[in-house]
Structures are given as C-alpha cells and as structure tokens.
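Enquirer: Read top to bottom, the protein sequences are chains R and C. Read left to right, the first sequence gives residues 24 to 134 (our numbering). Read left to right, the second sequence gives residues 83 to 195 (our numbering).
Derived from the structure by calculation, the hints contain no laboratory data. A hint or two may mislead.
[Stated by the list, open to error] Computed cross-link-like contacts, SDA-like style, restricted to lysine to any residue with a CA-CA straight-line distance of at most 20 angstroms:
no., chain 1, residue 1, chain 2, residue 2
1, C, Lys91, R, Leu62
2, C, Lys91, R, Glu68
3, R, Lys26, C, Ile194
4, R, Lys26, C, Ser155
5, R, Lys26, C, Lys165
6, R, Lys26, C, Asp141
7, C, Lys91, R, Gln65
8, C, Lys139, C, Ser155
9, C, Lys165, C, Asp188
10, C, Lys153, R, Glu120
11, R, Lys92, R, Glu68
12, C, Lys139, R, Ile133
Letter by letter, the chains look like this.
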Amino acid sequence: DAKTTQPNSMESNEEEPVHLPCNHSTISGTDYIHWYRQLPSQGPEYVIHGLTSNVNNRMASLAIAEDRKSSTLILHRATLRDAAVYYCILKAIFGNEKLTFGTGTRLTIIP
Amino acid sequence: DGGITQSPKYLFRKEGQNVTLSCEQNLNHDAMYWYRQDPGQGLRLIYYSQIVNDFQKGDIAEGYSVSREKKESFPLTVTSAQKNPTAFYLCASKGQGVRQPQHFGDGTRLSIL
C-alpha cells in the first residue's frame with residue numbers, strides 16, 4: 024500500500040473548524056483514501072472515505088486535491104469529544120482487505 | 083445492538099503461558115481481523131480471515147495463532163513463542179464490498195506478570 028504522511032500533532036479551539044492534512048504523493052489511481060480516528064483506550068472508528076470527489080457525512084468532510092496527492096479531513100465545529108488520533112489510510116480497490124495504519128495525527132481540543 | 087465484543091478488557095499472562103483473546107461479532111460480516119498496537123504506534127495486522135475456515139497471516143503473525151470455525155468468532159491465541167506480547171490487541175470485522183469500513187472492538191490489553 025502507498026504511504027501517507029501526517030503531522031504528529033495538532034491543536035484546535037473548541038467550536039472552531041479543524042483541518043487535518045494528509046500527503047499521499049505515491050497514491051495510485053485505484054487507491055481509496057480512508058480516515059479513521061481512535062479515542063483513548065478504544066478501537067479505531069471509521070470517519071469517512073473517498074476516491075476522487077469531495078465527500079461529506081454527518082461526522083466530517085473530506086477534501087481531495089485535484090491531483091489526489093493530498094487530502095484534508097475537515098471537522099466543521101470541533102468538540103472536546105473530537106480529541107483523538109486521526110489516521111489517514113490508503114486502501115487499494117483490489118487485493119486483500121488489510122488497512123495499514125501509520126502513527127496518525129493526535130488532535131488536542133482546547134476548551 | 084450490532085457490534086464487536088472483545089473479552090476480557092484486561093488480561094495478565096505469566097511467562098511461558100498461552101492465552102486466548104476472544105472476539106465475537108453479530109454484524110454478519112465475513113471478514114475479521116486481528117491487530118496489535120504498541121504505545122504511541124499505529125496498528126499492525128497479525129492475522130485476517132475473509133471467510134469461515136480460512137485465514138491468512140498478516141505482517142506480524144509469528145508467535146500467534148487463530149481459528150475461524152464460526153462466522154461470528156475469531157479467537158486469537160498468543161503463544162509462549164511470542165517474546166514481547168505486552169500490547170493492546172484489537173479485533174475488527176468488515177462487510178462485503180470495497181467501500182465497507184472496518185468495525186473495531188474496544189480491545190484487550192495484555193500484560194506480562
């Protein structure tokens with residue numbers, strides 16, 4: 024699987040938008056971009072995924088660059104419950120179903 | 083409610099002992115996975131199973147064994163051959179289709195006495 028690069032940590036104020044970046048310059052045309060988050064002492068939780076177009080769901084939005092070499096997870100209004108480690112993962116359409124987790128971005132929300 | 087149940091939440095092992103971690107899902111998912119997480123690190127795949135009675139090694143299978151006799155269950159045995167078993171173990175399952183996400187349990191924290 025192609026590799027992703029994320030900042031180790033970020034901080035944001037409560038009730039403000041958060042933009043979490045991810046670089047994936049070696050992405051292939053058949054790789055989906057997945058985002059998961061992990062709260063302390065819990066298993067990861069699916070957030071969102073996309074292929075080429077921007078995506079929205081109840082948790083977040085995913086903005087994908089036109090060349091697909093980077094993407095940004097957007098939390099529109101951060102709450103204290105959004106404090107977690109966020110993982111950006113590339114998942115090939117074909118092949119086995121495993122996810123390759125990096126070290127992610129630790130998001131701290133400031134009250 | 084549908085979901086994945088891992089038990090126990092905390093487990094202690096004496097050196098030289100095998101221990102088995104339980105993972106049960108009622109989501110009717112075909113695929114199940116076991117990951118290991120060390121402090122400050124991402125998850126690493128131990129074993130996965132895409133169908134009953136079949137499973138494949140992941141990236142760090144040495145010292146571990148699994149079985150998949152039922153669709154709902156995918157137990158992981160940490161054997162005495164695993165020299166550094168202290169870690170957070172996570173089980174996941176996934177429905178059919180490339181767009182389906184993996185659903186994770188809340189993990190089992192294994193420690194050596």
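Enquirer: Given the hinted pair lysine 26 of chain R and lysine 165 of chain C, is their alpha-carbon gap at most 20 angstroms?
Expert: Violated. Lysine 26 of chain R to lysine 165 of chain C sits at ~29 angstroms, over the 20 angstroms cutoff.
Enquirer: Keeping to a limit of 20 angstroms between CA atoms, is the pair of lysine 139 of chain C and isoleucine 133 of chain R held or broken?
Expert: Answer violated: lysine 139 of chain C to isoleucine 133 of chain R is near 42 angstroms, above 20 angstroms.
Enquirer: Under the criterion that the straight-line Cα-Cα distance not exceed 20 angstroms, is the pair lysine 91 of chain C, glutamine 65 of chain R satisfied?
Expert: holds, 10 angstroms
Enquirer: Lysine 26 of chain R and isoleucine 194 of chain C: Cα distance at most 20 angstroms?
Expert: violated, 33 angstroms
Enquirer: Would the pair lysine 153 of chain C and glutamate 120 of chain R pass a check requiring their Cα atoms to be no farther apart than 20 angstroms?
Expert: holds, 17 angstroms
Enquirer: Is it true that the CA of lysine 91 of chain C sits at most 20 angstroms from the CA of leucine 62 of chain R?
Expert: holds, 16 angstroms
Enquirer: Quickly compare the C-alpha distance for lysine 91 of chain C and glutamate 68 of chain R to 20 angstroms and report which way the hint goes.
Expert: holds, 18 angstroms
Enquirer: Is the hinted pair lysine 139 of chain C and serine 155 of chain C satisfied, with a Cα-Cα distance of at most 20 angstroms?
Expert: holds, 17 angstroms
Enquirer: Does the structure keep lysine 26 of chain R and serine 155 of chain C at a Cα separation of 20 angstroms or less?
Expert: Since the Cα atoms of lysine 26 of chain R and serine 155 of chain C sit roughly 31 angstroms apart, the hinted pair is violated (cutoff 20 angstroms).
Enquirer: Measure nothing beyond the straight line between the CA atoms of lysine 92 of chain R and glutamate 68 of chain R; if it is 20 angstroms or shorter, mark the hint as holding.
Expert: violated, 24 angstroms
Enquirer: Taken at face value, is the distance from the CA of aspartate 141 of chain C to the CA of lysine 26 of chain R at most 20 angstroms?
Expert: Roughly 16 angstroms separates the two Cα atoms, so the pair holds.
Enquirer: Would you mind confirming whether the straight-line C-alpha gap from lysine 165 of chain C to aspartate 188 of chain C stays at or under 20 angstroms?
Expert: Answer violated: lysine 165 of chain C to aspartate 188 of chain C is near 24 angstroms, above 20 angstroms.
In the structure shown, a violation is registered for the earlier hints numbered 3, 4, 5, 9, 11 and 12, in ascending order.
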